[in-house]
Amino acid sequence: MELELKVNKRNAIVKEIKREGNILTLAVDDVEYTVDIVKVSNQEFSVLYEGRSFNIEVIENKEPKHFNVNTLYFKFDVEVVDNESRYRQSRMQSKLILNDNTIRSPMPGKVVKVFVKPGDIVEAGQPLIVLSAMKMESEFKAGQRGIVKEVPVKEGETVDNDQLLVVIDDIQEK
Amino acid sequence: MEQKPIKKVLVANRGEIAIRIMRSCREMGIETVAVFSDADRTAMHVRYANEAYNIGKAPSSESYLNMDKIIATAKSSGADAIHPGYGFLSENSRFARRCREEGLRFIGPSPESIEMMGDKISARKKMIAAGVPVVPGTTEKVTSEAEAAKYIREIGLPVMIKASAGGGGKGMRLVKKESQIASSLRAARSEAKTAFGDDALYIEKYVDSPHHIEFQILSDKYGNTVHLFERECSVQRRHQKVVEETPSPIMTPEIREQMGAYAVAAANACQYEGAGTIEFIVDDKLNYYFLEMNTRLQVEHPITERVVGVDLVKEQIRIAEGFELPFRQEDLKQSGHAIECRIYAEDTDNNFMPNPGTITHITEPFGFGVRCDGYVYEGYTIPIFYDSLISKLIVWGRTREEAIERMRRALYEYKITGIKTTIRFLERIMNTPDFRKGEYNTHFIEKNSAFLLADGMCDRNCEDMAMIATFAQYVSRLEDSKKTNAAPSEKKETNWKRQLRKFTSRI
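Heads up: the protein sequence lines correspond to chains Z and V, in order. 1 is the number of the first residue of the first sequence in the numbering used here; add one for each residue after it. 1 is the number of the first residue of the second sequence in the numbering used here; add one for each residue after it.
One should not assume that every hint holds.
Listed below are the simulated DSS-like cross-link pairs for lysine-lysine, each with C-alpha atoms no more than 30 Å apart in a straight line [as the list claims (entries may be wrong)]:
hint: 1; chain 1: V; residue 1: Lys205; chain 2: V; residue 2: Lys125
hint: 2; chain 1: V; residue 1: Lys193; chain 2: Z; residue 2: Lys110
hint: 3; chain 1: V; residue 1: Lys483; chain 2: Z; residue 2: Lys18
hint: 4; chain 1: Z; residue 1: Lys154; chain 2: V; residue 2: Lys193
hint: 5; chain 1: Z; residue 1: Lys18; chain 2: V; residue 2: Lys447
hint: 6; chain 1: V; residue 1: Lys241; chain 2: Z; residue 2: Lys110
hint: 7; chain 1: V; residue 1: Lys482; chain 2: Z; residue 2: Lys135
hint: 8; chain 1: Z; residue 1: Lys65; chain 2: V; residue 2: Lys57
hint: 9; chain 1: Z; residue 1: Lys135; chain 2: V; residue 2: Lys415
hint: 10; chain 1: V; residue 1: Lys57; chain 2: Z; residue 2: Lys110
hint: 11; chain 1: Z; residue 1: Lys113; chain 2: Z; residue 2: Lys15
hint: 12; chain 1: Z; residue 1: Lys6; chain 2: V; residue 2: Lys483
hint: 13; chain 1: V; residue 1: Lys141; chain 2: Z; residue 2: Lys135
hint: 14; chain 1: Z; residue 1: Lys110; chain 2: V; residue 2: Lys170
hint: 15; chain 1: V; residue 1: Lys241; chain 2: V; residue 2: Lys141
hint: 16; chain 1: Z; residue 1: Lys113; chain 2: V; residue 2: Lys193
hint: 17; chain 1: Z; residue 1: Lys6; chain 2: V; residue 2: Lys437
hint: 18; chain 1: V; residue 1: Lys57; chain 2: Z; residue 2: Lys113
hint: 19; chain 1: V; residue 1: Lys7; chain 2: Z; residue 2: Lys62
hint: 20; chain 1: V; residue 1: Lys285; chain 2: V; residue 2: Lys483
hint: 21; chain 1: V; residue 1: Lys483; chain 2: Z; residue 2: Lys15
hint: 22; chain 1: Z; residue 1: Lys65; chain 2: Z; residue 2: Lys141
hint: 23; chain 1: V; residue 1: Lys482; chain 2: Z; residue 2: Lys65
hint: 24; chain 1: V; residue 1: Lys285; chain 2: Z; residue 2: Lys135
Hint data in this document are derived by calculation from the structure and do not stem from the laboratory.
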């Protein structure tokens, strides 16, 4: 079995070479490891490598093939990269230019105030929308000059994490 | 005065403090009543209590701050007392008064004591009259800019402009230069009006390199007051406490005795009943000044409990029942060292933005000297309507060094997945030289922000181990899904079923 994994900014190929009971030999890119690995609970593994003991939690994220991985001292975000996620990744790259002009909610919350509507021209630094969560209010401002294209939410509405709040288009300078 | 035992307590709060209060009630054989909003149906305090009632919609104003609903629920459930916890209605004298009018015991001080200490200007006056040293400042509210400028010249810059009805860091402005006086006054006044509905201001000298040291007191209905020593609370971020410890690393036995005596005098000056905290501000030369009194149980009370060996919630209840304090000042001693770290659901990489969400996994720390007061569990979704404190980690050690190492160890063990928390940030505080040496004041976090927000470096081995475990988990999940999709195999005989058959065949 072979998988491509992504940890933080690093991509690596993990390939199983041999398995005998708990003893697993595999290669992470060009480095070979022989470990004693046992699944001890639904989301935890005990890994023994050259006498060192690693107790590792591998917890599935909301997004499929995304895991939150905890060792004693560190946390990692690990993604299983397959064709589907490679496709999504490349689509996101091409969308990056537009990303500067969208405001997405950084956390679940409630829309307290909306200052703009589609068709309004906004300047850089102009307040667009205020979100409230956990007794804190955050005001989101326009990153650059533009014209408001969409405001898919309204005052009083509850929003999720990463929900689209405001879309701004570039103004075509004559 | 007679003793009237309390049989049932309604806890007018939520989160970790509601559970903590209910634990002591259980130990005393007292029944507990939980109240919850629509957003808290699955909260731990609801699951823990003997009885639980819905009191309204999610926003606090419609539920946890709804006095009518809470009092009605207390009466219909047959509760004879209400414990308000901290925050919410705990320092609301109108609520305390209504409890009294309705024949419900409010586990806390009288409405009069709450009012006296809640108005910061009147509290200062009372303290001055009782001989308690206060921060040099105004004793009447400041109404005009000219008046303010006059006081400021008398007191001497720098000064703090503060809201009389305020607390928690709101409605406060630091003025370092004469040119800032007008704008700071205006800003403080408007913030005070918005936050507390009262724009009365007073002015205090700003103490440089301040330490925030507070004393816990207990007073019974018979005029007995004791102090349970100090808590050092100077590790703060934007005036919000992050780490607390006791004993304070800068305290001396002489100063402790003096401040303790003043704390007791302060409580007696307002005929206090119950548990309370006297806050002092202390400079590097150990000059101390009364800052304010908190007429409620505080978040950081567990460190006092650990070092003095007293359950403060039980004492609050016994005082409310009319019992005398079971100890005198000379019976109380500090033993060892305790530290508390507050764990918030906040993203430290993103300006500590609150981070509500669903807990996908949780591993709590255990072992000698570790106490974890929380309320979240795997699968629980933290609501967006309340504050972001999710738990308190309290450790005890025989020495301060042992307590710090134990806290580091416990923080490494503590893993909450699914939301961002401040656990990593707290680990770094335990590693910061200033904290380890015990040489810090309220500027600690600001001063060490680069160190505190730096990323930990992980070696390549460790990263590879994470990938190996992920590989194994992915493979394991694939095998699981193959098993459930495969045709059901012959039912395997389990040991349990075999034993059951053996047993039932003998009947």
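Now the hints, each set against the structure:
1. V:Lys205 x V:Lys125: 16 Å, holds
2. V:Lys193 x Z:Lys110: 24 Å, holds
3. V:Lys483 x Z:Lys18: 22 Å, holds
4. Z:Lys154 x V:Lys193: 28 Å, holds
5. Z:Lys18 x V:Lys447: Given that 30 Å is the threshold and the Cα spacing comes to 52 Å, the pair is violated.
6. V:Lys241 x Z:Lys110: Between Lys241 of chain V and Lys110 of chain Z the Cα gap is close to 26 Å, so the pair holds against 30 Å.
7. V:Lys482 x Z:Lys135: 46 Å, violated
8. Z:Lys65 x V:Lys57: Status violated; Cα separation ~37 Å.
9. Z:Lys135 x V:Lys415: 25 Å, holds
10. V:Lys57 x Z:Lys110: 15 Å, holds
11. Z:Lys113 x Z:Lys15: 52 Å, violated
12. Z:Lys6 x V:Lys483: 27 Å, holds
13. V:Lys141 x Z:Lys135: 29 Å, holds
14. Z:Lys110 x V:Lys170: Roughly 23 Å between the alpha carbons, so the hint for Lys110 of chain Z and Lys170 of chain V holds.
15. V:Lys241 x V:Lys141: 28 Å, holds
16. Z:Lys113 x V:Lys193: 21 Å, holds
17. Z:Lys6 x V:Lys437: 40 Å, violated
18. V:Lys57 x Z:Lys113: 21 Å, holds
19. V:Lys7 x Z:Lys62: 45 Å, violated
20. V:Lys285 x V:Lys483: 71 Å, violated
21. V:Lys483 x Z:Lys15: Roughly 23 Å separates the two Cα atoms, so the pair holds.
22. Z:Lys65 x Z:Lys141: 33 Å, violated
23. V:Lys482 x Z:Lys65: Measuring from Cα to Cα gives roughly 17 Å; hence the hint holds.
24. V:Lys285 x Z:Lys135: Violated. Lys285 of chain V to Lys135 of chain Z sits at ~37 Å, over the 30 Å cutoff.
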